[in-house]
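Enquirer: Sequences and hints are given; from them, build the entire structure.
These are the residues of each chain, in order.
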Amino acid sequence: MKRFEYADELISEREIMIAIPSIVIGVGILSLPRFLATVTTAADGWISILAGGVLAIGMTWIIAKLAASFPHQSFLSYASRIVTKPVAVVLTFLFAFFFLQVVAFQVREIADISKQYLFNRTPVEVLALVFLLVVVYAVSGSRAGLFRLNMMFFPIILFISSLVIFFSINRFESEHLFPMFQTSFTGYLKGLGSAATSYIGFGILWFYLSLVRQPSKAPKYAITGMCIPVVLYMVIFIACIGVFGNEVTQNLLFPVVELAKGAEIPGEFFERFESVFFTIWIMAIFNTTTLGLDISVFALTQIFKNTPKYTIIFILSPLVYVTAMYPQNLIEVSSFGTYIGYVIFGYTVFVAVLLLVVGKLRGVKALG
Amino acid sequence: MNVVARRRKRKREKMRNSNGQDENFSRFLEKELEKNIENLKIMLGDPTDLVVRQFPIGGSEHRCAIAYIDGLVNEDLVQSHMMKNVQLIANSKQLPDETTDLFEVIYDKIISAVNTEKGYTLDDLSLALLSGDTLFYLDGIDQVLISDTKFWESRSIEEPVSETLIRGPRDGFVENIQTNMVHLRRHIRDPNLRFKQHYVGRRSKKLLVAAYVDGIINPAIVKEVNRRLETIDMDDAPESGYIEQWIEDSFLSPFPQTLVTERPDKVSTALMDGKLAIFLDGTPFVLIVPATLGNTLQSPEDYYERWTIGTLLRALRYLSAFIAIFLPALYIALVSYHPGLIPSKLAFSIAATREGVPFPPLLEALLMVVTMELLREAGARLPTTIGETIGIVGGLVIGDAAVQAGIVSPVMVIVVALNAIASFSIPEYGVAIAFRLLLFVFVFAAAVFGLFGIILAYIMLNIHIVNLKSVGVPYSAPFAPTFIEDWGDLVVRMPIPNLTRRPKYMETVDDKSIDLGGKDK
Chain C
-15 MKRFEYADEL ISEREIMIAI PSIVIGVGIL SLPRFLATVT TAADGWISIL
35 AGGVLAIGMT WIIAKLAASF PHQSFLSYAS RIVTKPVAVV LTFLFAFFFL
85 QVVAFQVREI ADISKQYLFN RTPVEVLALV FLLVVVYAVS GSRAGLFRLN
135 MMFFPIILFI SSLVIFFSIN RFESEHLFPM FQTSFTGYLK GLGSAATSYI
185 GFGILWFYLS LVRQPSKAPK YAITGMCIPV VLYMVIFIAC IGVFGNEVTQ
235 NLLFPVVELA KGAEIPGEFF ERFESVFFTI WIMAIFNTTT LGLDISVFAL
285 TQIFKNTPKY TIIFILSPLV YVTAMYPQNL IEVSSFGTYI GYVIFGYTVF
335 VAVLLLVVGK LRGVKALG
Chain D
10 MNVVARRRKR KREKMRNSNG QDENFSRFLE KELEKNIENL KIMLGDPTDL
60 VVRQFPIGGS EHRCAIAYID GLVNEDLVQS HMMKNVQLIA NSKQLPDETT
110 DLFEVIYDKI ISAVNTEKGY TLDDLSLALL SGDTLFYLDG IDQVLISDTK
160 FWESRSIEEP VSETLIRGPR DGFVENIQTN MVHLRRHIRD PNLRFKQHYV
210 GRRSKKLLVA AYVDGIINPA IVKEVNRRLE TIDMDDAPES GYIEQWIEDS
260 FLSPFPQTLV TERPDKVSTA LMDGKLAIFL DGTPFVLIVP ATLGNTLQSP
310 EDYYERWTIG TLLRALRYLS AFIAIFLPAL YIALVSYHPG LIPSKLAFSI
360 AATREGVPFP PLLEALLMVV TMELLREAGA RLPTTIGETI GIVGGLVIGD
410 AAVQAGIVSP VMVIVVALNA IASFSIPEYG VAIAFRLLLF VFVFAAAVFG
460 LFGIILAYIM LNIHIVNLKS VGVPYSAPFA PTFIEDWGDL VVRMPIPNLT
510 RRPKYMETVD DKSIDLGGKD K
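Residue numbers (the working numbering), protein chains in the order written: chain C, -15 to 352; chain D, 10 to 530.
These are calculated hints, taken from the structure and not from any lab test.
It is possible that some hints are incorrect.
Said to hold, decoys possible - Computed Cβ-Cβ distance ranges for the label pairs, DEER-style:
{"hint": "1", "chain 1": "D", "residue 1": "Val500", "chain 2": "C", "residue 2": "Phe150", "range": "50 to 60 Å"}
{"hint": "2", "chain 1": "C", "residue 1": "Gly246", "chain 2": "D", "residue 2": "Phe260", "range": "24 to 34 Å"}
{"hint": "3", "chain 1": "D", "residue 1": "Ala360", "chain 2": "C", "residue 2": "Val110", "range": "52 to 62 Å"}
{"hint": "4", "chain 1": "C", "residue 1": "Pro139", "chain 2": "D", "residue 2": "Phe160", "range": "37 to 47 Å"}
{"hint": "5", "chain 1": "D", "residue 1": "Ala356", "chain 2": "C", "residue 2": "His56", "range": "36 to 46 Å"}
{"hint": "6", "chain 1": "D", "residue 1": "Val518", "chain 2": "C", "residue 2": "Thr322", "range": "38 to 48 Å"}
{"hint": "7", "chain 1": "D", "residue 1": "Val518", "chain 2": "C", "residue 2": "Leu142", "range": "43 to 53 Å"}
{"hint": "8", "chain 1": "D", "residue 1": "Ala360", "chain 2": "C", "residue 2": "Asn235", "range": "48 to 58 Å"}
{"hint": "9", "chain 1": "C", "residue 1": "Pro139", "chain 2": "D", "residue 2": "Val518", "range": "26 to 36 Å"}
{"hint": "10", "chain 1": "D", "residue 1": "Val500", "chain 2": "C", "residue 2": "His56", "range": "54 to 64 Å"}
{"hint": "11", "chain 1": "D", "residue 1": "Phe260", "chain 2": "C", "residue 2": "Phe298", "range": "20 to 30 Å"}
{"hint": "12", "chain 1": "D", "residue 1": "Ala360", "chain 2": "C", "residue 2": "Val306", "range": "37 to 47 Å"}
Said to hold, decoys possible - Quick list of in silico lysine-lysine cross-link-like pairs, DSSO-like style, CA-CA up to 30 Å:
{"hint": "13", "chain 1": "C", "residue 1": "Lys204", "chain 2": "D", "residue 2": "Lys513"}
{"hint": "14", "chain 1": "D", "residue 1": "Lys354", "chain 2": "C", "residue 2": "Lys201"}
{"hint": "15", "chain 1": "C", "residue 1": "Lys201", "chain 2": "D", "residue 2": "Lys513"}
{"hint": "16", "chain 1": "D", "residue 1": "Lys354", "chain 2": "C", "residue 2": "Lys245"}
{"hint": "17", "chain 1": "C", "residue 1": "Lys99", "chain 2": "C", "residue 2": "Lys69"}
{"hint": "18", "chain 1": "D", "residue 1": "Lys40", "chain 2": "C", "residue 2": "Lys99"}
Ideal placement from N, C-alpha and C gives every residue a C-beta, glycine not left out.
Expert: Shown next, in the form of structure tokens:
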């Protein structure tokens, strides 16, 4: 029962467990408390986060089960078996297309936030370009390398989040959390929308499960991984509301970064902790972006089998850059993000349902 | 007999094909003694240090000769085991008249040197002769006996200068590969210890030995390393650095992908972890593959001291690695881009000391770091006594004077000094150098993009490390791919009885290093 075969490029289930939160946790959470505070009262948003989380965990499990029943087969090959080749090609292509937009959105957001918290003179275009180049460098390497990067960065991300939350405790005022359960049903529903779309990214399982050494074990690890962002989001959200109160949170552009701004690190070694926090958070955004771009590349290499990976990367990167630079202002970026969230979530659910139903109807045998 | 003859014939044909050009001597042994000696002399250009002595065997009409290179052989051995025996045989034994039989008798009974073989081609002979063996020719037969009589002056065993320990064995490897292999044997008395021989260098024909413990090491690694060693094709390999650079996975990487050591104890520990050591004749530096990033920050002393101290030292080394790479870059980023991040009081005092410094922080840092490198290099090249002067001149005079003259700020001097000290505390010299190199990358990243630049450079460094392999083993193991089981001997060094498993990422055949009463701990 050896988990690590000498010099192979497969990934372990544990790496899948880390890859899920790595792609989920990105720029979304930085502004999520604002969206939720707007549509819910006091700290009720956590219910939406939990509900969205349960939904996401459910989807993760379904996708992982489905993909794991075709061990070591690419998405294109098993989708072709279920819904015929042309349809599968279209599905794969759309995945590549949508994930590319996620990448563009992340690149734009990181440039915007960096400008806001780290620089004021450097143009967004330059920041985005530099970041994108690093992402391209990562994706050009081995695929197993990306998972190792996730493994390297994820503990640091968890650590910095815990640090921010921990040092916000003394500013936490519990009266901000009350009154509880005063939100209307539509409020929760709207909140659910924002929350659920902040969990997008579990769609990577469609593709990466073919690389897992023991696919049968993967679903368990995948949903464990999905639980991490759910818990983290809830804690962060409650911390934001507890510190700022609902009203203030609504008016903060990035409440989580502001939370870090107020964190009181003993010894006063860092005056403005939010810059440090955001600098570290770049790793989280980087993880999301690389996995997103890699999924696009992975999907396209399945369609264009004879095209080298590098060619695809070199074609995609300018597209990402142009898309990222297209929105003219922060409001457009924000609505771009919302649109991406809904589209990806909807599309992933759609593909899952489609493959499940058609698979059942046509009676495709699971194991290839 | 037939089989041997056929093999010899085949070998001759092969030789003819490969060395088709005209030479003024034959590469094959003749039956005539004179002819053979002449061929040998022509091939070697009749050197002054070639000793050839012809004499008759014990009073019979058979003529024979011995040849060796003066200074490479133990002459007492030649005298007592060969000359004497051969000259005196007639007294004790009935000699056969047939030359072939006589040759066999001499081989079996007369020559008493321990290691004696038969040689069939001039190439066999010249390699043996030049390695310090003695040749025995017999007139009338196209074979030669090669006796191992190697002996030459070598440095006595001393404490390794490049890796000093406070506690640990004081012996180090020397230039003689035989001595080094003996060293290793004395550490590991396992019958499974294997020495796989290679000869490297088209012209130098140096002995290279890959040592490993069969039954621990993953056979795939042995196969891969031997495959790479066989591809080596160069004129000479003066030092194991040539070998390292030939077999490494990525020549673009700043990181060394082999560990280099002069310490037998370090090699034996590495072999116990399922690694492979490469010895090269003529150098005390032994290569250990595969290497990982974690290995480069470990010192044998971590295991010799108690585990609390070992752990503390390890943690300290990770901190110093961090300082060695990041400190000047962080200083530049904070001072030039994010002064708001520095606590106000400190920010004021830094600003005050920077008053009157005409250069931007980047230039200031480069000035000091380059000066530091110059001092280090100058100190390394000079004899120890003068080297100390360099330290005084550099550290005190230049540092102090530069601050007095207002060229650099005192904080920058502190930063650079701390950085240099940190990089000296890294046990692997090659990695310390790599860190110094990376320092410049980070300094420039910080100068252009501040903290954003540093984190992106850090991410790129990580991308590079996770894609790097050493003989197929991920350089970033056991961090990622993650092997939690191996973390007990990484940053933390667990107590010795708890280190029951060999590193998992090495995929060893036998994964248990300590068996506690058969219990699976």
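Enquirer: If a hint holds in the structure, say so; if it doesn't, say that too.
Expert: These are the hints, each one checked on the structure:
{"no.": "1", "hint": "D/Val500 - C/Phe150: 50 to 60 Å", "result": "violated, 22 Å"}
{"no.": "2", "hint": "C/Gly246 - D/Phe260: 24 to 34 Å", "result": "violated, 49 Å"}
{"no.": "3", "hint": "D/Ala360 - C/Val110: 52 to 62 Å", "result": "violated, 28 Å"}
{"no.": "4", "hint": "C/Pro139 - D/Phe160: 37 to 47 Å", "result": "violated, 58 Å"}
{"no.": "5", "hint": "D/Ala356 - C/His56: 36 to 46 Å", "result": "violated, 57 Å"}
{"no.": "6", "hint": "D/Val518 - C/Thr322: 38 to 48 Å", "result": "violated, 55 Å"}
{"no.": "7", "hint": "D/Val518 - C/Leu142: 43 to 53 Å", "result": "violated, 36 Å"}
{"no.": "8", "hint": "D/Ala360 - C/Asn235: 48 to 58 Å", "result": "violated, 35 Å"}
{"no.": "9", "hint": "C/Pro139 - D/Val518: 26 to 36 Å", "result": "holds, 31 Å"}
{"no.": "10", "hint": "D/Val500 - C/His56: 54 to 64 Å", "result": "violated, 35 Å"}
{"no.": "11", "hint": "D/Phe260 - C/Phe298: 20 to 30 Å", "result": "holds, 24 Å"}
{"no.": "12", "hint": "D/Ala360 - C/Val306: 37 to 47 Å", "result": "holds, 42 Å"}
{"no.": "13", "hint": "C/Lys204 - D/Lys513", "result": "holds, 24 Å"}
{"no.": "14", "hint": "D/Lys354 - C/Lys201", "result": "violated, 55 Å"}
{"no.": "15", "hint": "C/Lys201 - D/Lys513", "result": "holds, 21 Å"}
{"no.": "16", "hint": "D/Lys354 - C/Lys245", "result": "holds, 19 Å"}
{"no.": "17", "hint": "C/Lys99 - C/Lys69", "result": "violated, 45 Å"}
{"no.": "18", "hint": "D/Lys40 - C/Lys99", "result": "violated, 88 Å"}
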